[in-house]
Each structure stands twice: as structure tokens, then as C-alpha cells.
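J.: Residues per chain are reported as follows:
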Amino acid sequence: MRKVAVMIRTNRAKAFGLIIGVFVIAALIWSSIVLGLTKVSAQMVYDAIYHFDGSNEHIIIQDTRIPRAFIAAAVGASLAVAGAIMQGLTHNPLASPGILGINAGASFFVVFGISFLGLSSLTAFTWLAFLGAAVASVVVYVFGSMGSEGLTPIKITLAGAAIAAMFSSMTQGMLTLDERALDQVLFWLAGSIQGRDLEILLSVLPYLVVGWFISLMFGKQMNVLAMGEDLAKGLGQKTLLVKITGAVIIVLLAGGSVAIAGPIGFVGIIIPHFARWLVGIDYRWVIPYSALLGAILLLTADIGARYILMPAEVPVGVMTAIVGAPFFVYIARRGINE
Amino acid sequence: MKNYRSLRMGKASFLIDKKSLFILVLLTALTFALIVLSLGIGQMTINPFDVIKAIFGAGTDMHNLVVQSFRMPRILLAVFAGAGLAMSGAILQGIIRNPLASPDIIGITAGASFTTVAFLALYSDRSNTLSVSIHWLPLASFLGAVGMGFLVYVLSQKYGQVAPIRLVLIGIGLSAAAQALTTMMMILGPIFTASRANIWITGSVNGTNWTEVLTIIPWIFLLTAILFFYARRLNIQELGDELTVNAGSLVQRDRLVLLFLSSALAGGAVAFAGGIGFVGLMAPHMARKLVGSAFGALLPVSALLGGLIVLLADLIARTAFAPLEIPAGVFTSAIGAPYFIYLLYRTRNR
Numbered sequence: 001m002r003k004v005a006v007m008i009r010t011n012r013a014k015a016f017g018l019i020i021g022v023f024v025i026a027a028l029i030w031s032s033i034v035l036g037l038t039k040v041s042a043q044m045v046y047d048a049i050y051h052f053d054g055s056n057e058h059i060i061i062q063d064t065r066i067p068r069a070f071i072a073a074a075v076g077a078s079l080a081v082a083g084a085i086m087q088g089l090t091h092n093p094l095a096s097p098g099i100l101g102i103n104a105g106a107s108f109f110v111v112f113g114i115s116f117l118g119l120s121s122l123t124a125f126t127w128l129a130f131l132g133a134a135v136a137s138v139v140v141y142v143f144g145s146m147g148s149e150g151l152t153p154i155k156i157t158l159a160g161a162a163i164a165a166m167f168s169s170m171t172q173g174m175l176t177l178d179e180r181a182l183d184q185v186l187f188w189l190a191g192s193i194q195g196r197d198l199e200i201l202l203s204v205l206p207y208l209v210v211g212w213f214i215s216l217m218f219g220k221q222m223n224v225l226a227m228g229e230d231l232a233k234g235l236g237q238k239t240l241l242v243k244i245t246g247a248v249i250i251v252l253l254a255g256g257s258v259a260i261a262g263p264i265g266f267v268g269i270i271i272p273h274f275a276r277w278l279v280g281i282d283y284r285w286v287i288p289y290s291a292l293l294g295a296i297l298l299l300t301a302d303i304g305a306r307y308i309l310m311p312a313e314v315p316v317g318v319m320t321a322i323v324g325a326p327f328f329v330y331i332a333r334r335g336i337n338e
Numbered sequence: 001m002k003n004y005r006s007l008r009m010g011k012a013s014f015l016i017d018k019k020s021l022f023i024l025v026l027l028t029a030l031t032f033a034l035i036v037l038s039l040g041i042g043q044m045t046i047n048p049f050d051v052i053k054a055i056f057g058a059g060t061d062m063h064n065l066v067v068q069s070f071r072m073p074r075i076l077l078a079v080f081a082g083a084g085l086a087m088s089g090a091i092l093q094g095i096i097r098n099p100l101a102s103p104d105i106i107g108i109t110a111g112a113s114f115t116t117v118a119f120l121a122l123y124s125d126r127s128n129t130l131s132v133s134i135h136w137l138p139l140a141s142f143l144g145a146v147g148m149g150f151l152v153y154v155l156s157q158k159y160g161q162v163a164p165i166r167l168v169l170i171g172i173g174l175s176a177a178a179q180a181l182t183t184m185m186m187i188l189g190p191i192f193t194a195s196r197a198n199i200w201i202t203g204s205v206n207g208t209n210w211t212e213v214l215t216i217i218p219w220i221f222l223l224t225a226i227l228f229f230y231a232r233r234l235n236i237q238e239l240g241d242e243l244t245v246n247a248g249s250l251v252q253r254d255r256l257v258l259l260f261l262s263s264a265l266a267g268g269a270v271a272f273a274g275g276i277g278f279v280g281l282m283a284p285h286m287a288r289k290l291v292g293s294a295f296g297a298l299l300p301v302s303a304l305l306g307g308l309i310v311l312l313a314d315l316i317a318r319t320a321f322a323p324l325e326i327p328a329g330v331f332t333s334a335i336g337a338p339y340f341i342y343l344l345y346r347t348r349n350r
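Residue numbers (the UniProt record's numbering), protein chains in the order written: chain F, 1 to 338; chain A, 1 to 350.
In case anyone wonders, no lab produced these hints; they're calculated from the structure.
This one's a predicted model, so the numbers in the text were calculated from it and none came from an experiment.
Errors might be hidden in some of the hints.
[To be verified] From the derived model, a few chain F residues whose C-beta atoms are all more than 10 Å from chain A:
(1) Ser55
(2) Asp63
(3) Thr320
[As the list claims (entries may be wrong)] Where chain F lies over chain A, by a calculated footprint (3+ residues, C-beta under 8 Å):
(4) 94 to 107
(5) 155 to 169
[Stated by the list, open to error] Simulated DEER-style distance windows between Cβ atoms:
(6) Phe321/A - Asp197/F: 47 to 53 Å
(7) Gly292/A - Leu119/F: 48 to 54 Å
(8) Gly160/A - Phe16/F: 43 to 49 Å
(9) Ser120/F - Pro218/A: 46 to 52 Å
(10) Pro323/A - Phe116/F: 53 to 59 Å
(11) Ala320/A - Asp197/F: 36 to 42 Å
(12) Thr28/A - Tyr330/F: 58 to 64 Å
(13) Ala163/A - Pro326/F: 18 to 24 Å
(14) Thr215/A - Arg334/F: 50 to 56 Å
(15) Ala320/A - Ser41/F: 57 to 63 Å
(16) Asn223/F - Pro323/A: 57 to 63 Å
(17) Ala320/A - Lys233/F: 48 to 54 Å
(18) Ala163/A - Lys233/F: 41 to 47 Å
Yeah, the Cβ is synthetic: ideal placement off N, Cα and C, and Gly gets one too.
Could you put the whole structure together from the sequences, leaning on the hints where they help?
T.: This is the structure we're talking about:
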């Protein structure tokens, strides 16, 4: 592990940082509700919640702005935590739900459900996304760890990229046959949180909460595993169990995020690095910091997405890709084994 | 050296062993046979003898029309696009020294897709008509492929060296970014553009005309000719950086030229046939199994196999679910994915 300058050293400061993070998120959620094409005042937000009168502004606040703000926070946190755990499990600084094909797998299953099975219920989408995420992560993990030297960072990255390419090609193939489905899912496929209602968040939220909860308990196990598999086994850790738990967290968080917002890339790569830079390599801190920073990133990106092509919107997945690609290049240049 | 026959043309020379020569002849014959067969299959079935007559314009008027005007361009495009992608993949696998490298994985195809869809989105008006000639489209794809190739190359440089692993990783990252931008272009354009762009991204040779075929053929031939002068250097590249420096080859410069050739070949193919996936990965592997890894024989055999794969995929694409047309790229991916898995499994002890 390369020595990095850790910004926040003492546990007290780290805990204080978490509290500040929560306040920043609250402020961003507020901004996300207030900012946009339709101007909204604090009074209107209060009225929309407590004295709903059916006016356009109130509908926008209730049906669009509020769900969108919370979805951004939940999805950002989930993707970032999934990324942190993937990077730890695979010893790969580039691992994330996007690069390793988890998002593409989940998307493929959802589009398959819409296009071939004629499914349209939220519950169905959710389960299809979980199934797709699970299939993709198992396939990528198994193929990435084949061979005498086991799982290597480069092998799992290649396996992930190829599986992602395969899933997205098949997704596109299905869409060419079904123009109506194309219209329906195109925006979702770019990764977007615009126009999602609270219902879809609420249907997935229980799974996300379970994922967050397990991952917060999981830091100590991740620390032990990060020392290397042999050492972890020597210390008495049931490494297989830890890996399976990790996989379950990834499937819940990445699959749930795709069900809500489509495949949003790069959040899972960037944030864990930033979190490690802030608080060091202790996963008991990295995971909660990743959650907060992920929410902050996606809230900010989503607010920005409204202003670039106003009145049209840029899908937030494009925003994260624009921010994320240079960072990805930076990490790749720094070296995957360092 | 009895088993080898050496070919020399000025600076270019190869060793082709007799077995490889036999395989080359066999594959060429197979390609011609499949072309004839494929020309005869479709809504109107024509038997192979009538197809051959029609190729030379000696069949009935109806047969001449169907074979020469409708099916021939599409089939030739499939063959040449497949060949281009396959050679592109063979070069990449040589310089990256990783059996899993291909133009799709390092982002060349994604770069081409992005510029093509951007072209369609920017130059279409509300009524879905293009405001500039469609003939500029291939140029856009080509620029995207080569531009991406160079971008990946430049960003992979560190202390004047391009390490293969960095090249792959950066390709993967930029590829993901290019895909995000492509989707954005599809959303911003009218839905007509989106569905058309979508077919194109997946890779299809449907609706090809002679102009396109006559543009791609010289392109592929020209690049192939240049490539043959570089085949020996590609052999050297496979040895790895330390050995290549000792062998006196200008490794980095050669790598750049080879990367340009690879991007240009893939860009040409993608421009006309779209991003037909996994061909650049599969064909060189099959070729390596047949004729070993010396590039003198590997390149032509890869090209023929690539042509055969896309030809076959297109045949299935237009007949299996007729009258529905499925992009050929879906089938190459469907074959390519298990093949990739098999490769990962096979290379597990390397």
C-alpha cells in the first residue's frame, strides 16, 4: 500500500467530520429541492408538505424535487460503499460496480424484463436488478480469480470489462427490436435520477438500508482481509464467509441503485479513494465516509446536471463520467499494484 | 527449414510454413463457399449454381438484381469489416501481450461510436433528416477510433514508456466515459436517431450499398499492405519490453505505428458496420490455434476467420428471426462471450 497523507488523524476529528458530512448532505438536499428551472422558496416547500394545494409548484416539489434529492443521496451513498467494499475484496483500486460489469448485468436483466417478459412493476424491476447484479458479480469474480495465482487486479478488471461489454451489447440488441422499450429505458440506461418518484425509492430502500447496516458492521473484517488472504486465515478469519457477506452487500447496494437510477458509473471508483485520502485505510472509517461522500457527490452532480443544458437535463451518469474519467486515468497511471 | 517457405518483397519478408499455407487456402475456399451460400439464402432462395451465374450477370434478371444489388454489398461488407476488426485485434494482442485485448476492450470501438452518434445527433434536424451528406459519417467514426487510440496511448505514457497494463486500464476507463457521452447524444437527439444509432452501435451490415463497400475495400487493403511491412516488428513486440530493446527495435515508436494501424483498421470497420463486438478478440485466438503466433501467417488467417465470423453472424441475424432483423453484433457477442470465458479458463495457468 502506498503511503498517503491522511488528512484527518484523530478519531475525535474523524467522528466530528462525519457530523459535518451529515450537515453538508442536509444542506445539499435542501439545495436540490430549491434549485432548478422552477424557482421554489422555503415557504413553498413547507406549504407543499403541510398544506398541499395541488398547484404546479407544489406538485413539482412533492413529486419531483423531494424524491430526487433523497434518491440522489441514497444512490450515491450505496454506489460509493459498494465500490469501497469491491476495492477491498479484490485488492483492486479500480474496482467499482460500473467497471466490473455489475451495473451492466443489472441493466441487462431489467431491460430483458421490460422488453421480453413485458414486466412493468417496480417490484419486478428491483428483483431483476438484484438478480442481474448477483449473476454479474459471481461471473466476474469466478473468472477473475481463475488460475494459479488466483484473483489478480488486472484479471478481474479485464473480466469485468468483457462481461460489461457483453451485457451492454445484448441490452442494445434487445432494444433495436423494440423501439417502444428503447424510448422507455434510454434515459434510465444513461443513469438518471430525474423523474423517479418516491415510490421506487421506498420499494428499494429496505434492501439498501440492510446493505448499509451490514457494511457499517463490516469494517473490522475488511481490515483483516485487507492484510492478505493467507494472513487473514492465519488470524482465524473465515475468509469465504467474509467474501460472501461482501458479495451480498455489493449486490444489495449496486443492484438496488441500478433499479432506482440505472447504471451510474465512476462514483464507486472515485469516492473510496477520496475517503481513504481523508481518513486512512481503516475500513471502519472508510465505509461511513464513503457513504457520506458518495451522497455529496451525487447530490452535487445532480444539481449541476440541471444547469448545463437548461431547460434540458444531462443524465447524472454522464456528469459522473465526465468527472470520473480523468480520475480513473490518474489512478490507472499511478499503478494498479501500488 | 524445409517446412517453411519464405516470401520476400523488398523490406517485407515472412516465413510461412506449409501447414499455414494449406490453412490459408482452405479458409479462402471456405469463405468463397460461404459467400455463395449466403448470397443464395434469404426471402428468395437461389441455388448455388444460379448464384454463381448471377454473380457474373448471366442469371435471370431477378436473380442478377437480388444477388448483385441487394445481397452482395452487404455480404462483402461483412467479410471486410470482420477482417478489419480481426487484424486490429491481432495487432493489439501482439503489442499489449495480453490475450484478452481487443478494440472493444481498450475503447477504440467506443470512441468511434461516440463520434458517429455525435455526428448523427448534431447534423439531424427535427424532421430526422441529415443536414450534411451521409458520406461524411465514416470519416467521423474513423476520427473517433484513431483519436481514442491516440488519447489512450498518450495517457498511458509514463517516463516515455507505454506499459501494456496501463494501456488496457486507461482504455477501459475512457471507454466507459465515451459510452456515457454516447448515451447522452442519443437522448438529446430525436428518437429516430436514437434507434438508428442503437442498431449501429450494436453492429449491423443491414442496408449496405455499393458505395460503402467500395470505400471500405481499398481502405482495408491499403492498411493491410502497410501492416505487412510491420509484421516482423510485431513478432518482436510479443517478446516483451526488455528483450525488444535488446533486439534493437524501436519499441515505443513501433508500438505507436502499430496502434495507429490497429485503430485505423477498427475505425474503418466500425464506420461501415458498427461496433460488432468480440470479433477482434475471437478471430486472432482461433488463428493462433491454427497457425501459431508468428504474425506472417497469423494476420491473414485472422483476417479470413474474422470475415467468416461476421459473415456467419449476419447470415443468422437476417434469417433466424425473419422477417425481424437482429444486428449481427448481438450474435458475435453471444458467441464471443462464452469464447472469452473459455479463454480466461484456458489461460488460467499462464
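J.: Hint by hint, which ones does the structure fall short of?
T.: 3, 6, 10, 12, 14 and 18
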